[in-house]
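J.: Read top to bottom, the protein sequences are chains A and B. Adding 189 to a residue's 1-based position in the first sequence gives its number in this note's numbering. Adding 189 to a residue's 1-based position in the second sequence gives its number in this note's numbering.
Check before you lean on any hint, since a few could be wrong.
Quick list of simulated restraints, FRET-style, between CB atoms [what the hints assert, rightly or not]:
1. A/Pro-461 - B/Thr-510: 27 to 35 Å
2. A/Asp-452 - B/Ala-261: 52 to 60 Å
3. A/Glu-350 - B/Arg-319: 51 to 59 Å
4. B/Arg-322 - A/Val-513: 38 to 46 Å
5. A/Gly-282 - B/Pro-465: 32 to 40 Å
6. B/Glu-350 - A/Asp-452: 51 to 59 Å
7. A/Phe-240 - B/Ala-459: 50 to 58 Å
8. A/Tyr-453 - B/Glu-350: 58 to 66 Å
9. A/Glu-278 - B/Pro-465: 37 to 45 Å
10. B/Pro-244 - A/Tyr-453: 45 to 53 Å
11. B/Lys-450 - A/Glu-350: 52 to 60 Å
Hints are computed from structural coordinates only; laboratory data are not their basis. Everything numeric in this text was worked out from a predicted model, so none of it was measured. By construction, the Cβ of each residue, glycine as well, lies at the ideal position given by its N, Cα and C atoms.
Number of protein chains: 2
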Amino acid sequence: MRIDNLQYANWSEKIFREMRAGGVDAVHVTIAYHENFRETVLNIEQWNRWFEQYPDLILKGRWASDVALARATNRTAIFFGFQNPSPIEDDIGLVEVLHDLGARFMQLSYNNQSLLATGCYEAEDPGITRMGREVIAEMNRVGMVIDMSHSADRSTIEAAEMSRRPIAITHANPHAWAPALRNKRDEVIRAVTDKGGMLGFSLYPHHLKDKSACTLEGFCQMIADAAALYGAEHLGIGSDLCQDQPDSVVEWMRVGRWTKKIDYGEGSAAAPGFPPMPDWFRDNRDFGNLEEGLTKVGMSANEVAGIIGGNWHRFYADSFTPEVTG
Amino acid sequence: MRIDNLQYANWSEKIFREMRAGGVDAVHVTIAYHENFRETVLNIEQWNRWFEQYPDLILKGRWASDVALARATNRTAIFFGFQNPSPIEDDIGLVEVLHDLGARFMQLSYNNQSLLATGCYEAEDPGITRMGREVIAEMNRVGMVIDMSHSADRSTIEAAEMSRRPIAITHANPHAWAPALRNKRDEVIRAVTDKGGMLGFSLYPHHLKDKSACTLEGFCQMIADAAALYGAEHLGIGSDLCQDQPDSVVEWMRVGRWTKKIDYGEGSAAAPGFPPMPDWFRDNRDFGNLEEGLTKVGMSANEVAGIIGGNWHRFYADSFTPEVTG
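Here chain A stands alone, though its shape is the one from the complex (with noise of 0.2 Å):
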């Protein structure tokens, strides 16, 4: 079983065949940078209708369940998720109204601050907001992911903390490997995996060492290092594939509607587009490579399915449905 716990494509038939030829049984892919309900539920009816349009290679997934259905019938579930709380607006009856809709991983903030929680990219970080509390309470309620993969460390140690459930990182790698802003410091990964939560490790090349360069060896002893730290069952993929996207969409994940300048986040002025990813991991296909790699650094056949996939899925089951309560 292989699951990718992040992606956001420019989503096509051709990707989507690519998802089968890869094997990859389960994709959580990103419907929201910066929308708000409305717009969100535009990105849900596109997805609507390429389910509609290619039931023989894709299906909406809600459970962990449908990724074994995915598996039988030899198609790909995909699983909904938002980098920013801004599908909510300011109004916390939407964290149930979405997970009806199918949402399951929700980012408390993208960078920035939100009305939840900080983001990375914020100078001071005041942690979990007012409104955060009662959010991560909803979303632990209904059976919606806490995401602070973007999240600024205070509030991602004080999220997982508060969270009466696991929460996830779904794409960074560890800041001792790639000093990125974004990649998360031993604390915080240790913070979110000591209380049962789960962390995605980026294949996006400002989160490796070396960038675009990065070696697979590099790269998957990098996950061998973390397994060792933190247990090879808190571990998966979340690759941050943004396939065949145009940069203009990097330029919309960065700047939204929040400022009239430009922010190049990660990038710079003068490499402000989407970087070239790593000749071993070019698209979904190349799912085998990953598993070939963590084999050869010597992790063993059960700790290489987990992280391939069986962690996520694991993690699937103990998160999308409702909060048992009584």
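Chain B: place on chain A using the hints.
T.: Leaving out everything else, chain B in the frame of chain A:
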């Protein structure tokens, strides 16, 4: 099993308890008269709060099986519907989105011309519109029932003919029995029931012979006569109970935002408000009276059980799931 396939009460714990006292296992509730998409979502959020507040009394109904679940756990399953297509605005993609959120019935028009069909108060009825044809097909595909209770005759007959799945008139009575403009002529009822559709009998006094003074025997004899004409299996109850609503609500139903003047609909300047209910059907606790009345006019136990709930239950089972294609 007892099902009321149309209510729009001023919901409260009191009413939910009366549903249980009356043994009502499922209610189709109106959640939109003239609301747009976002306003309808706010109404869904309000219902989500009630489901969370009163888990021992009500549950959200999505599928026919939820009626049995409600019955087995001594609760009432609440199914959502719209009296107007306003919640989908001009966006066909919202049909599937709203079905996902639980909507199971949608009227194609409410008294006036809509984007889809003509309402029963218009002078001319040009039939189903271009968008109407598309939306009927989409409602068929996803499993949302076409309801023509407030639509004009030609539009209703065309909808019954165009629809690949049986449609419903959830709340109205035969025009021959009580010649209200909203009640349905023989050929209209026949167009619906001949294709497997359902007629729900209304207890709203403006739809009754002698209005609030209508007798239980007269109402039940009308049902027995309709069973002889259309088949008892196509009949159910859609009481149109508007319990505890202030008169401002009937004004909202009639006027919405489409006029700045007052429109009295089925009322009049002298009697603009909600009329008093007949004394044998005051609220959900009086379903037993209907059962007794139907038995007294000579209907079989089987027929009575069907009209009181079994027929709607069968219709739910046939109607709410996505169309099987292939």
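J.: Give a verdict on every hint.
T.: Structure-based check of all given hints:
1. The hinted range of 27 to 35 Å is not satisfied by A/Pro-461 and B/Thr-510, whose Cβ atoms lie roughly 48 Å apart.
2. Evaluation of the 52 to 60 Å hint for A/Asp-452 and B/Ala-261 yields a pass: the beta carbon distance comes to about 56 Å.
3. The hinted range of 51 to 59 Å is satisfied by A/Glu-350 and B/Arg-319, whose Cβ atoms lie roughly 56 Å apart.
4. Remark: the range hint 38 to 46 Å for B/Arg-322 to A/Val-513 is upheld by a beta-carbon distance near 45 Å.
5. A beta carbon spacing of about 35 Å between A/Gly-282 and B/Pro-465 agrees with the range 32 to 40 Å that was offered as a hint.
6. Checking the proposed 51 to 59 Å range against B/Glu-350 and A/Asp-452 shows it holds: the Cβ atoms sit about 57 Å from each other.
7. Look at A/Phe-240 against B/Ala-459: about 54 Å separates their beta carbons, and that is inside 50 to 58 Å.
8. For A/Tyr-453 and B/Glu-350, the Cβ-Cβ distance of about 60 Å falls inside the hinted range of 58 to 66 Å, so the restraint holds.
9. For A/Glu-278 and B/Pro-465, the hinted distance range of 37 to 45 Å is satisfied, since their beta carbons lie about 42 Å from each other.
10. For the pair B/Pro-244 and A/Tyr-453, the supplied restraint of 45 to 53 Å holds, since their beta-carbon distance comes to about 50 Å.
11. For the hinted restraint 52 to 60 Å between B/Lys-450 and A/Glu-350, the CB-CB distance of approximately 59 Å keeps it satisfied.
The structure does not agree with numbered hint 1 stated previously, though it agrees with all others.
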